[in-house]
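Trainee: Sequence:
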Amino acid sequence: PPPAPKPEPIFPPPAPKPEPFVPPPVPEPAPKPEPVPPVPTPPAPVPTPPTCEDDADWATDSGDTCASIGSAEDSASLCALQDSTGVTASDACPAVCKDECIVNCDNDGDWVSTSGLDCEAVAEDSSGLCDIAVNDAGVSASEACPAVCKDECIVTVNCDNDEDWSSTTGADCDAVASDPDTLCSEVDSAGVSATDACPASCNEECIVTLNCDNDEDWSSTTGNNCAAVAEDPKMLCMEMNSDGESASDACPASCNVECFPEPPFVPLIPVPVPSPSTTTKPSVSVTETVGTPENKDTLSPTRAFLLSTPLPTEFVTIAGSEGGTITVSTETTGPPTVEVRDGERR
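If you read the sequence shown in my numbering, its first letter stands for residue 1, the second for the next number, and so on.
These are computed hints drawn from the structure, not numbers from a lab. Heads up, some of the hints might be wrong.
As the list claims (entries may be wrong) - Derived EDC-like pairs (lysine to aspartate or glutamate); straight-line CA-CA distance at most 20 Å: (1) K234 to E258; (2) K150 to E100; (3) K150 to D213; (4) K150 to D110; (5) K150 to D118; (6) K98 to D74; (7) K98 to D55; (8) K98 to D164; (9) K234 to D213; (10) K234 to D249; (11) K98 to D57.
Said to hold, decoys possible - What follows is a set of in silico ranges between Cβ atoms, one per label pair, in the way DEER data are often shown: (12) E73 to G244: 18 to 26 Å; (13) A76 to L210: 33 to 41 Å; (14) M240 to D164: 39 to 47 Å.
Every residue, glycine too, gets a C-beta built ideally from N, C-alpha and C.
Turn these sequences into a full structure, and let the hints steer you where they fit.
Mentor: Right, here's the structure in full:
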């Protein structure tokens with residue numbers, strides 16, 4: 001028999017060739033959104049500060065002005081007044097009638113600084129203490145003491161008299177000062193009163209009342225009180241206490257010359273002035289003795305002396321020419337007599 005055919009070898013099919021690697025496509029970046037401009041916020045309305053200046057020309061038919069309304073005790077009730085054109089005081093006088101323009105000038109009576117100062121003490125040195133002094137809560141004197149520290153609360157009083165003012169009766173400000181109770185009500189030909197023209201005599205705020213009472217509780221840092229200051233004011237009036245108050249302020253009776261009592265009046269008694277003396281200075285003739293005392297007839301020529309002062313007594317002793325003394329009689333009006341003592345030459 002024919003040989004059986006050889007079986008053909010069976011080979012595994014060839015592995016398929018891997019396909020070439022193709023990288024995945026890179027996604028394109030998404031487009032950035034365009035920035036949206038912010039919607040502008042309208043600015044907050046700035047509050048317009050109120051106009052607090054009064055109209056100086058505004059006046060009612062009855063003569064009311066912003067100044068007179070402001071000085072009235074019940075100014076709020078007068079703010080409805082109108083002038084001849086219908087403008088109310090509320091519109092013309094905002095400093096008086098509008099709440100936002102009215103400044104509270106009342107001091108806080110309970111405020112005390114950390115160093116113990118109240119508003120009255122701050123008033124004595126407002127320029128130095130208003131911004132410095134604070135209390136335990138941090139409230140400054142500027143806030144607590146507006147009557148002392150705020151310019152709009154400090155009223156400046158003009159105390160200068162009008163030198164040209166004269167009343168209808170001829171009285172000027174000097175005359176008003178001599179009798180203010182009677183003459184401050186006088187007016188001049190233009191209707192200006194002495195109260196307005198002569199504030200130094202008629203305005204109580206211009207009349208300074210002198211306080212000469214010592215502070216009995218005051219004591220300096222060295223322990224001196226006002227009684228001790230009075231014993232040596234020249235040295236001790238400069239001392240201060242722990243609050244900085246000087247003896248000059250606390251002890252006016254000892255340190256303020258205006259508080260010193262005036263010396264008692266002593267009338268001058270005229271003393272007669274003696275008329276100038278007409279007595280002439282006498283000329284003294286002195287003779288020298290020659291020989292013994294028994295022979296006094298022989299005399300030498302005289303030598304003249306002039307006394308330097310008038311002779312006050314009947315007998316005056318003057319120096320002799322050789323150191324001795326000579327007693328001269330001034331009792332008579334004639335030539336003086338000379339006594340020679342001990343027979344010595346004089």
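Trainee: For each hint given before, does the structure comply? Return the numbers of the non-compliant ones in rising order.
Mentor: 3, 8 and 12
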